[in-house]
Amino acid sequence: MTIEWQHYAATDSYYDELIASATGPRPAARALCEYLASLSDAELRERKTAAELDILVMGITFTVYTEGGSIDRAWPFDIVPRIIPRQEWDRAEAGLKQRVQALNLFIDDLYHEQKIIKDAVFPAEVLAQSANFRPQCVGVSPRHGVWAHICGSDLVRDKDGAIYVLEDNLRVPSGVSYMLENRLVTKRVFPELFEYQRIQPVDDYTLRLYDMLASLSPRPGDHPTVVVLTPGIYNSAYFEHSYLAQQMGVELVEGSDLEVGDDDCVYMRTIEGLERVDVIYRRIDDLFLDPKAFRPDSALGVKGLLRAWRKGNVALANAPGAGVADDKVVYAFVPEIIKYYLDQDPLIANVPSYLCMREKDRGYVLANLDKLVVKPANESGGYGMLVGPHATPAERKRFVELIRKDPRNYIAQPTLALSTSPTLCDDRMEPRHVDLRPFILSGGPATYVTTGGLTRVALKKGSLVVNSSQGGGSKDTWIVDTEGL
Amino acid sequence: MLSRVAQNIYWMTRYVERAEDTARLINVNTNLLLDLPRTTTFGWLPLIFIVGAESQFFEKDPHRLVDEANVVRFLINDRDHPGSIISSLAAARENLRTTRDTVPREAWEQINGLYIYARDHVPSRRGRYEFLRRVILGAQQIGGLLAGAMSRTAAYDFVRLGHYLERADMTTRILDVRSANLLSHARQTQQSQGQSQMQTQTPASTQEEQDPFESIQWMSVLKSLSAYQMYRQQVRVRVSGPDVLKFLLQDEYFPRAVAFCLRQLDICLRKLPRHDAALAALAALRQKLNAATVPELSREGLHDFIDEVQIGLSQLHDQIAAAYFAH
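Protein sequence lines correspond, in order, to chains X and L. FYI, our numbering numbers position 408 of the first sequence as 408, with every residue one higher than the one before it. Quick note, our numbering runs 485 ahead of the 1-based positions in the second sequence.
So that you can see chain L by itself, here it is in the shape it has in the complex:
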């Protein structure tokens, strides 16, 4: 299989997954803000940090108003932001266009159709949920078409590598929303430190103040990841922070949980040639994930931990790229 084709397929599924998960990210924040008392909310700024796009957001105007309309527009249909839903779908489409002969035709039509839908619909506040729902469903359909019609050869391994790597990354980012909003009293974020992440402290008092809302918020996170039902079936206890975190980080059965994604990556990589370095990077990451003591994380250090996981994923990507895409 040509390196270029492998690379295009990998990025195509990464971008589709990114579009879907960005839609989920916006949904979870919308719901969280509705549930939280107005005075305690941190608003929409965390989302900009979570997707690592603060420099792009503030590029043209350092004092750009960080309100719902601006942030949502930035995440949905800002073509200058490479991580927006429209940019992700456009990039997925471009990647697929050059490799159309490798993937089933219906998948191309679906991606093309989804891109055109997103291009032609700029959602109003009221229409936003429906728009995001269609993006999520559309992305799921693409996954289904690929799963239902592609032979399980190397090409499909790259479909899954892109898919699960991006999903693992985005699940951690969605969890980060929770931590950011939880820490809403610790306000100052250092805006412009390059690709910097949010630097916040967690006063214990904040936690207690938020408690009445806590389980509602965690439910909202679960729902945004289509995880609520599975969580209830598997965990069977009331929805609590440590349990939800454990579920979404370490569960090996739920398909949006980070551990599940990493296991899938392991299965795919083992089928491919020249996988040693990538497997080593993956093993290190899995070990870090499994060794984490989640109850403690839920009190302190979640953000830093998520940061480490994201760095691990990025190193894994580098190893995949080095082995298969560039010679």
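If we strip away everything but chain X, and leave its shape as in the complex, we get:
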């Protein structure tokens, strides 16, 4: 049975990325859909196997915390790409740039004059209870005023087809290496498709990343020494850390490889002796960066690193404290933040959010838990969430208590009808829910947004959880130029 798109279960309850329920394949996806339909089952299976083999051979893995002995798992990948028309993506890209620009202004303001609080746009009590505000960073001025150099914002599409920002990851967002590897695998599996379609390339990300990082160097002029700082092999994103270091041609270091000298500069230990480090792309959380400034029990960090950074002797990306804007309560204020700093309306909307700290909102949330998704302010990876419609009464009851105890820590959003995209499931094409994580680089010569991003897919039927740590997979994402199609 080859694929017959008229049998594909696109419905009106969800927006499907490739197939319109009434008219079949969307214009940007037509070539792909026709091509897939021209393949026999055996050919399709062959492509799938080839992709799986590639992933194994290329060693694309991610790590799961709970598995002791063999900690690497092959990256789950679906061969059917997700497609976004170029014109639509251009608008999303502009919206992301606007958003990250405003967020960086916001962070910089919080660590300096706090004008936005004085002007009563952002409540002081939210900041006072922020888990990610770092008093140690007050008064520091990173180069170009940029704190969140690398941002991963999650985009979703609702039933009406509109794109929303679901959250902004400003601490140590991960996933970009999978975006790059997915493209590589897809090119190997479907080379024909790239020959006659205008699929925008994604490969220059690591070059852009390096340029951005290099531009942060406190010693401009010569070749700056850039390193990637990893917590080590047991981190779930270790593959990505080593991948990015390799692609940029820089050292992958651990905390124990670095030291801060009496001159407050950072050095790495090499076989030639100590070598000065200018820029650190750190993939370690704030609190573990420097046992002197933050958690004294951190074995991952570097003593004195914050001091060196405050003195301007080393650049850290992202800057410590940038996570203050990576908070689901702050998220709810982003439209106001954009308005306040840029005097613009947001180009991409937020998902409507109820702040449990507001009495009126809280009343609504507690009364409608079965319809809402409740999220803690500072968790990532899909942990600590309540998906109301799928939760048991006991789980909902537990959340009532949690919210009452610590309202500041919770927001709620309506359950979105996350869009779907055709996914190969046991030889059949079935709709599965997807989201999209583009990456935005700021602080370099120009703000850069990846072409598309990482499409994550909930491989389990009906599931809305796309996190790889919880059974999600991913797809290649094509931005296709439909001009003239």
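Hint data in this document are derived by calculation from the structure and do not stem from the laboratory. In this text the structure is predicted, and so the values were computed from the model without any measurement. Idealized CB from N, CA, C, for every residue including glycine. Any given hint might turn out to be false.
[Unchecked claim] Over 12 Å on every C-beta distance to chain X, these chain L residues come out as not near it, computed from the model: (1) V551; (2) G568; (3) V607; (4) A639; (5) S711; (6) S725; (7) R784.
[As the list claims (entries may be wrong)] What follows is a set of in silico ranges between Cβ atoms, one per label pair, in the way DEER data are often shown: (8) X/Y35 / L/I601: 33 to 43 Å; (9) X/D211 / L/E594: 33 to 43 Å; (10) L/A807 / X/R295: 29 to 39 Å; (11) X/A124 / L/E591: 50 to 60 Å; (12) X/K461 / L/D546: 52 to 62 Å; (13) L/I601 / X/K339: 55 to 65 Å; (14) L/G633 / X/R295: 42 to 52 Å; (15) L/S711 / X/E430: 33 to 43 Å; (16) L/I752 / X/E43: 46 to 56 Å; (17) X/A42 / L/R619: 34 to 44 Å; (18) L/A762 / X/G232: 45 to 55 Å; (19) L/R619 / X/G384: 46 to 56 Å.
Please build the complex by placing chain L on the supplied structure of chain X, with the hints as guidance.
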């Protein structure tokens, strides 16, 4: 190059070589014991001393039975013994895991595969030879993969430093087996003197009694080091103790001979920065090795001499570690 990465690579190859050479060590002792008359053999205890693990072996039970099964198990799959084959492979794997981006992927897969093989196979007495053969071959494959796919930059120098330093050390230990078994009549070994080495005397009479077996035993040593053919081609005389010792200690051409290993270490070190102290330690060791009069050693003092060589190697390691691994 990062010190940590250099250190990991160095230890990774040391551990792989140690696993291989421990397998060779067990093979040589097995063969020796088969060749010797039962009453004259010293058995398996010398191996424990030779790998310097008497305190670990007797740690839990000072009266632990020193028989073939216990010693072989201790050397092959005792996780509490850091020098066992399984511990060495696990350590090699851990060292490589953190530096996977520096070495070719196939080498990682090979080490991982070899570790899993050793973990999942506890050899019976009958299956032991095959098991050890696979460990030796697997280790050789890793060396081949690294040699065939790594650029000759500093990283590869550390591959070779670890490789040859460990090999030199283990070749001397394998020679020690011979001396220990030869001295089988001098029985008492002082067991528990910390990291102590075997303290034995060599009555001349013992030697003569062993003579009928001597060349067979030396052949066995050569074979365990894959050295028999090369020895025959290069030395061309009948297999005798002094000649074999000279070959395995002082030959500059055979790749498991100590002198060869030291020469390779010299070549690697010269390519690296900050090598003065390590080169000095190496030069002293090479001089000691070359100055040894082997025919005399084969009669008396071999064990002490080997001890000195091992101390020299350990000092060389300290110099390498001080220059490159720790600041």
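Outcome of the hint check:
{"no.": "1", "hint": "V551", "in the structure": "holds, 33 Å"}
{"no.": "2", "hint": "G568", "in the structure": "holds, 22 Å"}
{"no.": "3", "hint": "V607", "in the structure": "holds, 17 Å"}
{"no.": "4", "hint": "A639", "in the structure": "violated, 6 Å"}
{"no.": "5", "hint": "S711", "in the structure": "holds, 32 Å"}
{"no.": "6", "hint": "S725", "in the structure": "holds, 44 Å"}
{"no.": "7", "hint": "R784", "in the structure": "holds, 44 Å"}
{"no.": "8", "hint": "X/Y35 / L/I601: 33 to 43 Å", "in the structure": "holds, 41 Å"}
{"no.": "9", "hint": "X/D211 / L/E594: 33 to 43 Å", "in the structure": "holds, 34 Å"}
{"no.": "10", "hint": "L/A807 / X/R295: 29 to 39 Å", "in the structure": "holds, 32 Å"}
{"no.": "11", "hint": "X/A124 / L/E591: 50 to 60 Å", "in the structure": "holds, 58 Å"}
{"no.": "12", "hint": "X/K461 / L/D546: 52 to 62 Å", "in the structure": "holds, 58 Å"}
{"no.": "13", "hint": "L/I601 / X/K339: 55 to 65 Å", "in the structure": "holds, 59 Å"}
{"no.": "14", "hint": "L/G633 / X/R295: 42 to 52 Å", "in the structure": "holds, 45 Å"}
{"no.": "15", "hint": "L/S711 / X/E430: 33 to 43 Å", "in the structure": "violated, 58 Å"}
{"no.": "16", "hint": "L/I752 / X/E43: 46 to 56 Å", "in the structure": "holds, 54 Å"}
{"no.": "17", "hint": "X/A42 / L/R619: 34 to 44 Å", "in the structure": "holds, 38 Å"}
{"no.": "18", "hint": "L/A762 / X/G232: 45 to 55 Å", "in the structure": "violated, 31 Å"}
{"no.": "19", "hint": "L/R619 / X/G384: 46 to 56 Å", "in the structure": "holds, 48 Å"}
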